[in-house]
Amino acid sequence: MKPMFAAEEIGKSFGTRTVLRTAGVWATPGRVTVLLGRNGAGKSTLIKIAIGQLRAEHGVVIYKDMRETRPRLATMARAGLYYLPERGVLSRWFSVRTHLAAVASMSRTPATEQAVEACRLQEILDRPASQLSGGERRRAELGLVVARQSDCLLADEPLMDLSPQNRVLIAEVLRNMARQGAAVLVTGHEVDVLLDLADDIVWMTAGTTHALGSPDEARAHDQFKREYLGTRQ
Amino acid sequence: MFLPGRAFGTAMVLRSLVLWAGIRAASLGLASPPTIGPHSVLVLFLVTLLAGHDTKILGERVLLGNLGVSPTVMRMFSLLPAILAEGTLHVAFLQLAST
Chain H
-8 MKPMFAAEEI GKSFGTRTVL RTAGVWATPG RVTVLLGRNG AGKSTLIKIA
42 IGQLRAEHGV VIYKDMRETR PRLATMARAG LYYLPERGVL SRWFSVRTHL
92 AAVASMSRTP ATEQAVEACR LQEILDRPAS QLSGGERRRA ELGLVVARQS
142 DCLLADEPLM DLSPQNRVLI AEVLRNMARQ GAAVLVTGHE VDVLLDLADD
192 IVWMTAGTTH ALGSPDEARA HDQFKREYLG TRQ
Chain S
5 MFLPGRAFGT AMVLRSLVLW AGIRAASLGL ASPPTIGPHS VLVLFLVTLL
55 AGHDTKILGE RVLLGNLGVS PTVMRMFSLL PAILAEGTLH VAFLQLAST
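Residue numbers (the working numbering), protein chains in the order written: chain H, -8 to 224; chain S, 5 to 103.
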């Protein structure tokens, strides 16, 4: 199936340090694509370029019928994309309910109740974001994506620093989004959960990306096993 | 054009006004009387700069981006309240001066 979102041939340097040479990543409807790579490999840089937070030296970003060398998050968000950064997206001053109302107003068929149930937000609905724990914040942030009914999600390390219970819950929500037809792209280091969640694995190393195929194919990839998973032959 | 919605829009306007009042208060000794001129432009520039920085630090830029609000609209929500406040201050000063 054709990807809904793709960043292709992306190059980026910071001063004399080249982070991305010819990197690319994509998200396909109904599938979860997991982007793996060592710390500092450039995963977050690639995602930030893809949503226009950083400017690439070369490359193109494609989302639906848009083809941009300088993409803008707001433009893509209006067409259905949602970006979940590593640091989170909640405003500390506002309650979860206010956030949900704001994103629901963007959708023709908002799914606020579904979001509250799927992400277990009932007890924290009226609490400001500043009073939420890390796991609660992450659940609330993912609730926004569900309420928005986004058809494409780019999530940068959504499982980071979460308890096993929250990891499982968030992985379930991501899987359900894909089941309902959304294109989901996730980065992270939680290999055990991510390999179970993924349909496709993309590995970033030495400034470029490699499509490894399914999780089983990735597990069987010698270089990936040796250099990323750290397992011996 | 996508607007930030009532809650987030009100917060941006209030933030802009608080920043404007703070910058104006801090610069009282530098430029009084408060007439419109280069000093006003500097005040408005600082309000927009600090409001943008604030939005970025608080992580609201991505949130608003996800709501379809462009950076230009965000800047307008910072700048317009400050322009109104600056204009009001100027008119008030002129009225005081004429009495």
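One thing to keep in mind: the hints can contain errors.
To be verified - Here are a few chain H residues that face chain S, going by a calculated C-beta distance under 8 Å:
id, residue
1, Arg83
2, Phe85
3, Thr89
4, Phe215
Hints are computed from structural coordinates only; laboratory data are not their basis.
Glycine is no exception: its CB is placed at the ideal position from the N, C-alpha and C atoms.
Hints, one by one, checked against the model:
1. Arg83: holds, 6 Å
2. Phe85: Nearest chain S Cβ about 6 Å off; hint holds.
3. Thr89: This hint holds: Thr89 (chain H) lies near chain S, its Cβ roughly 5 Å from the closest one there, short of 8 Å.
4. Phe215: violated, 31 Å
Comparing the model with each earlier hint shows a violation of hint 4 alone; every other hint is respected.
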